[in-house]
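With the hints as constraints, model all of the structure from the sequences given.
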Amino acid sequence: MRPFEYLRPDDVGAAVALVSADPAAQYLAGGTTQVDLMLKDGILDPERLVDITRLPLHGITADDRTLRVGALTTMEELAADPTVARRLPLVRTALLAGASAQLRNMATIGGNLLQRTRCRYFRDPTVPDCNKRRPSSGCAAITGAAARMHAILGAGETCIALHASDLCVPLVALDAVVEVRGVDGGRRIPLTEFYVLPGERPDVETVLRHGDLVTGVEVPLLPSTARSLYLKVRDRASYEFALVSVAAVLTVEDGTITEARVGLGGVGTVPWRARAAEAVLTGAAATTATYRWAAEAEIHDPFTVPGTAFKPELARRTMVRALETVVGDRP
Amino acid sequence: MTMTEPTRVVGAGLDRVDGPLKVAGAAPYPSDVRYPAMAHAALVRSTVAAGRIAAIDTAAAEALPGVLAVLTHHNAPRLRPGPENNLGPTPPPPLQDDRILHNGQYVAVVVAEQAYQATDAARSVTVTYERAEAALDIDDDRGELKIDPFGFDGGRGDLDAGLAAADVVHEATYTTAENTNNPLGLFATVAAWDGDRVTVHDSTQWTSNVRTTLAQVFGLPEEAVRVYAKYVGGGFGSGLRVWPHTVLAVLAARVVGRPVKLVLSRPEMFTGVGHRPNTVQRIRIGARRDGGLVALDHEAVQTVAMEDENPEPVAAVSANAYACPNVRYRDRQRRLHIPCPGSMRAPGEAQGNFGLESAIDELAHRLGMDPLELRLRNYAEVQPQYGLPWSSKALRECYTVGADRFGWSRRDPRIGAMRDGRWRVGYGMAGVSYLWWQMPCAARATISRDGTGYVRSAATDIGTGTYTVMWQLSAELLGLDPDRVRFDLGDSDMPPAPQAGGSGLTGALGNAVYDSCRNLLRRFLDRVADDPGSPLRRCTVDDVAVSGGRIHHRTDPRRGESYVAILERHRLDELTADGASSPPEAQQVGMAPAGAFAAKFVEVHVDSELGLIRIPRVLSVVDGGRILNEKLARSQIIGATVGGIGQALFEETRTDARTGRVANANLGDYLVPVQADIGDLDVVFVGGPDRLTPVGTKGVGEVGLPGTAAAIANAVHHATGVRIRSLPITLEQLIAPS
Numbered sequence: 001m002r003p004f005e006y007l008r009p010d011d012v013g014a015a016v017a018l019v020s021a022d023p024a025a026q027y028l029a030g031g032t033t034q035v036d037l038m039l040k041d042g043i044l045d046p047e048r049l050v051d052i053t054r055l056p057l058h059g060i061t062a063d064d065r066t067l068r069v070g071a072l073t074t075m076e077e078l079a080a081d082p083t084v085a086r087r088l089p090l091v092r093t094a095l096l097a098g099a100s101a102q103l104r105n106m107a108t109i110g111g112n113l114l115q116r117t118r119c120r121y122f123r124d125p126t127v128p129d130c131n132k133r134r135p136s137s138g139c140a141a142i143t144g145a146a147a148r149m150h151a152i153l154g155a156g157e158t159c160i161a162l163h164a165s166d167l168c169v170p171l172v173a174l175d176a177v178v179e180v181r182g183v184d185g186g187r188r189i190p191l192t193e194f195y196v197l198p199g200e201r202p203d204v205e206t207v208l209r210h211g212d213l214v215t216g217v218e219v220p221l222l223p224s225t226a227r228s229l230y231l232k233v234r235d236r237a238s239y240e241f242a243l244v245s246v247a248a249v250l251t252v253e254d255g256t257i258t259e260a261r262v263g264l265g266g267v268g269t270v271p272w273r274a275r276a277a278e279a280v281l282t283g284a285a286a287t288t289a290t291y292r293w294a295a296e297a298e299i300h301d302p303f304t305v306p307g308t309a310f311k312p313e314l315a316r317r318t319m320v321r322a323l324e325t326v327v328g329d330r331p
Numbered sequence: 001m002t003m004t005e006p007t008r009v010v011g012a013g014l015d016r017v018d019g020p021l022k023v024a025g026a027a028p029y030p031s032d033v034r035y036p037a038m039a040h041a042a043l044v045r046s047t048v049a050a051g052r053i054a055a056i057d058t059a060a061a062e063a064l065p066g067v068l069a070v071l072t073h074h075n076a077p078r079l080r081p082g083p084e085n086n087l088g089p090t091p092p093p094p095l096q097d098d099r100i101l102h103n104g105q106y107v108a109v110v111v112a113e114q115a116y117q118a119t120d121a122a123r124s125v126t127v128t129y130e131r132a133e134a135a136l137d138i139d140d141d142r143g144e145l146k147i148d149p150f151g152f153d154g155g156r157g158d159l160d161a162g163l164a165a166a167d168v169v170h171e172a173t174y175t176t177a178e179n180t181n182n183p184l185g186l187f188a189t190v191a192a193w194d195g196d197r198v199t200v201h202d203s204t205q206w207t208s209n210v211r212t213t214l215a216q217v218f219g220l221p222e223e224a225v226r227v228y229a230k231y232v233g234g235g236f237g238s239g240l241r242v243w244p245h246t247v248l249a250v251l252a253a254r255v256v257g258r259p260v261k262l263v264l265s266r267p268e269m270f271t272g273v274g275h276r277p278n279t280v281q282r283i284r285i286g287a288r289r290d291g292g293l294v295a296l297d298h299e300a301v302q303t304v305a306m307e308d309e310n311p312e313p314v315a316a317v318s319a320n321a322y323a324c325p326n327v328r329y330r331d332r333q334r335r336l337h338i339p340c341p342g343s344m345r346a347p348g349e350a351q352g353n354f355g356l357e358s359a360i361d362e363l364a365h366r367l368g369m370d371p372l373e374l375r376l377r378n379y380a381e382v383q384p385q386y387g388l389p390w391s392s393k394a395l396r397e398c399y400t401v402g403a404d405r406f407g408w409s410r411r412d413p414r415i416g417a418m419r420d421g422r423w424r425v426g427y428g429m430a431g432v433s434y435l436w437w438q439m440p441c442a443a444r445a446t447i448s449r450d451g452t453g454y455v456r457s458a459a460t461d462i463g464t465g466t467y468t469v470m471w472q473l474s475a476e477l478l479g480l481d482p483d484r485v486r487f488d489l490g491d492s493d494m495p496p497a498p499q500a501g502g503s504g505l506t507g508a509l510g511n512a513v514y515d516s517c518r519n520l521l522r523r524f525l526d527r528v529a530d531d532p533g534s535p536l537r538r539c540t541v542d543d544v545a546v547s548g549g550r551i552h553h554r555t556d557p558r559r560g561e562s563y564v565a566i567l568e569r570h571r572l573d574e575l576t577a578d579g580a581s582s583p584p585e586a587q588q589v590g591m592a593p594a595g596a597f598a599a600k601f602v603e604v605h606v607d608s609e610l611g612l613i614r615i616p617r618v619l620s621v622v623d624g625g626r627i628l629n630e631k632l633a634r635s636q637i638i639g640a641t642v643g644g645i646g647q648a649l650f651e652e653t654r655t656d657a658r659t660g661r662v663a664n665a666n667l668g669d670y671l672v673p674v675q676a677d678i679g680d681l682d683v684v685f686v687g688g689p690d691r692l693t694p695v696g697t698k699g700v701g702e703v704g705l706p707g708t709a710a711a712i713a714n715a716v717h718h719a720t721g722v723r724i725r726s727l728p729i730t731l732e733q734l735i736a737p738s
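Chains as they are written, first to last, in our numbering: chain D, 1 to 331; chain E, 1 to 738.
Misleading hints may appear alongside valid ones.
[Unchecked claim] Taking lysine-lysine and the BS3-like style, the derived pairs with C-alpha atoms no more than 30 Å apart in a straight line are: (1) E/K230 with D/K40; (2) E/K22 with D/K40; (3) E/K22 with E/K230; (4) E/K22 with E/K631; (5) E/K631 with E/K230.
By construction, these hints were calculated from the structure, which means they are not laboratory data.
Keep in mind it's a predicted model, so treat the numbers as computed, not measured.
What follows is the structure, given as structure tokens:
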């Protein structure tokens, strides 16, 4: 860690101006990613750190259609919110399946959206070849011994780094919208358009410009007829990122699926909206055969390395299990 | 005075004496030690596995604020090699030449005013390597394969004849992954020189060895080195050797002329303090139709560093586990460009037991026999190698008590027959015959005129409860209330003690404490031998007992007097006596010294579709000889069982093939069990005091770990029909083909 300038402004405009004006400035919120990357891993070296925890971006409000979450709301606060528990149970499950209670008390919702990949080849500065850290340097993960918790969708020879958020999986399925404030004012970005596939530039992860600040997230509430679930598969029972996770929302009428929303975690370079699966499910009979067909439609051209070769089939099975369970359960 | 009588404070046991301090965060671990004007060190590690340092540029680091020194092989003072002890040689001293023998090898140490400055400067050191081809895989022929590296290979009978006579021969290869000890406490060394004397606070399991080693490496008399390890945040074997970082902290302090603190980072804990070596084990086991074993052949290959040693017999677990007439066990070590392995809780046994106890289960399945019955059928009533009676052995009780408590009879022997909803249910078991180990140990006991006792030894308590059990034992042996006795350790100036390792410290130290307390009693009796007024006149230690701060006649407790009365009458402030214990010779005592025994019973639930495994319960039945403190002993078994579950399901240190870099060197990517992975862990102790020593303990620090992985794998087979011969058991292995 190099010495850096530390600032803690009180209003959003000032914070955005401070970071926008300085290419070597970064925001600091809960710090659960930022501090690791700076102090422990040594791959971030900001000259100016703008602490946003005093900005008025806390809190959760809801009307009967939408939940609005301030960017500085912590994971634990959002999980404890009664509207979330009642109307977005899959969001609550995803939050509580993530990190640990200690981390959830620090980590913010805005930070969760912008968390960096856990790829050990990205997070180790002694590894020279990482396209995400150093454009055009290569990808050590593809041949690495620890390539297991890596992406198979949206991945390619340039990068297989996983977006490991649990929360983003239901949010992307629910068509959440991100509120952003930049030097030119505010704008709203659908979460499904917020992230960028690695392609030739794995270092570019979102559509945000330097200095843009996430101020909040809007999440449409589920209709009372919808059944939903978040299912996470991992090696150990807690404190581990997903090998595969599924957020599923189904509306079933007389044995026919009338609406389907499916998000996938643990498999994508970005939080993955399973639109091919949704297309199969919508209008089809709610049977295991349909679920399997939907899963195969979604996971049909994965990019795997030896360590992730098990993931396509695990992802398909987890989708089937999630859909079976969500239909079997009461809404 | 023997220890077999019922006692007051020993047995059920007292709560941890160090508990309140630890809960309050007030126990000073080595990383908590501070000195005025203390500087901080950080390490630079090699990023290649083999070759040499072509150039090392320290100018940028030296120019950073706060940096006091950067030591490399160019400017580091020359060091002497450390001594060899019963765990092998000292790791080679660091920064002595330009050769690279493993990724993670220290190539520089930076000293700065603040820890963050040292860390930052360490990242600014630029090293250019001339790479050589690295041998990193256990099968890589470029690494020398050492035959019988420990001189331990052996056997009995005629293996080939046994195999030929067998009705059924099972043959298979079992592999275990590299595991990393990962004590929670990051290892730290604080070194402070005063002229040619140095005081060192170190995360070690063996203060006496650190002192001897540092004295030799730095060319000092032993008295010039004092090593403290009052509290150690776990070790699991990684604190048994004097690793290079300890030497570097002492060296750095000497160079800058100030006290220096060095705390390893978690990634450094994966390359600098040993690890459990991975193994490939080939086992052949033959039996008659009735289940009688006639042949057992166990060959184990493990990894070791290019220029360091790690004595860790693996195949030797098969030597005395069963009454089989024809046995051969052989160990092999592959030299690789890897950080040197070292002891990790139940070294050798953890891996070897998985092979042996899996093979026994497979054989039972082949024979159509209950695996418990097969084990009882081949029970080693006497030590099979020499035919000597065991000093104690209650393994049969472990099996029978365990089967009853677990409900083994409810096991449907058919594969996949037991279900719980989507989950397939399996029962599995394994036996453990742990190695006996004891080293010489010394202790000192004092009683003062205020009536308090003080007993001490240079031993360490790495969280196991040594402070507590030795405190209890001292109170018992001196006949004092526990609150009138203090037991202290963790200081190399105290009487020398062996390592907290090999499940041997409680036995060695307990018997040294016994000897010192008995000698102290003798000193009191000597004082009053000619006292005309003393009711203890002309008594020997065998005539008397102690209680309530008094020495009295064994047969008539009213005839006696207090320690205080004797000291006052003789105008003495205190009396002190030393004591010692040493390992008995098996032939002399006419018995085979027995380690602990155990049986493990496990229930697993497997979701074959998603590859999930849950372990709702594990029962451990343990013969640990005399149990000094049942609560702490139970904690040892529980902790070791969790370690066994880690070995079975999660733990695997992964190394990149090109660079030899440990690719998952943190606690997010290297998985250990979390609380939610642990179901009901039931522990029962059976058996009684071991006959070999007066105190009668056998050591329970490790016996709880081996057997766990085999029992789990055996249960997985029972549940699913999938035989796992490779640890850890991962989702990839469990997920059924579609």
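Comparing the hints with the structure gives:
{"no.": "1", "hint": "E/K230 with D/K40", "result": "holds (28 Å)"}
{"no.": "2", "hint": "E/K22 with D/K40", "result": "holds (26 Å)"}
{"no.": "3", "hint": "E/K22 with E/K230", "result": "holds (12 Å)"}
{"no.": "4", "hint": "E/K22 with E/K631", "result": "holds (17 Å)"}
{"no.": "5", "hint": "E/K631 with E/K230", "result": "holds (22 Å)"}
When held up to the earlier numbered hints, the structure conflicts with none and fits them all.
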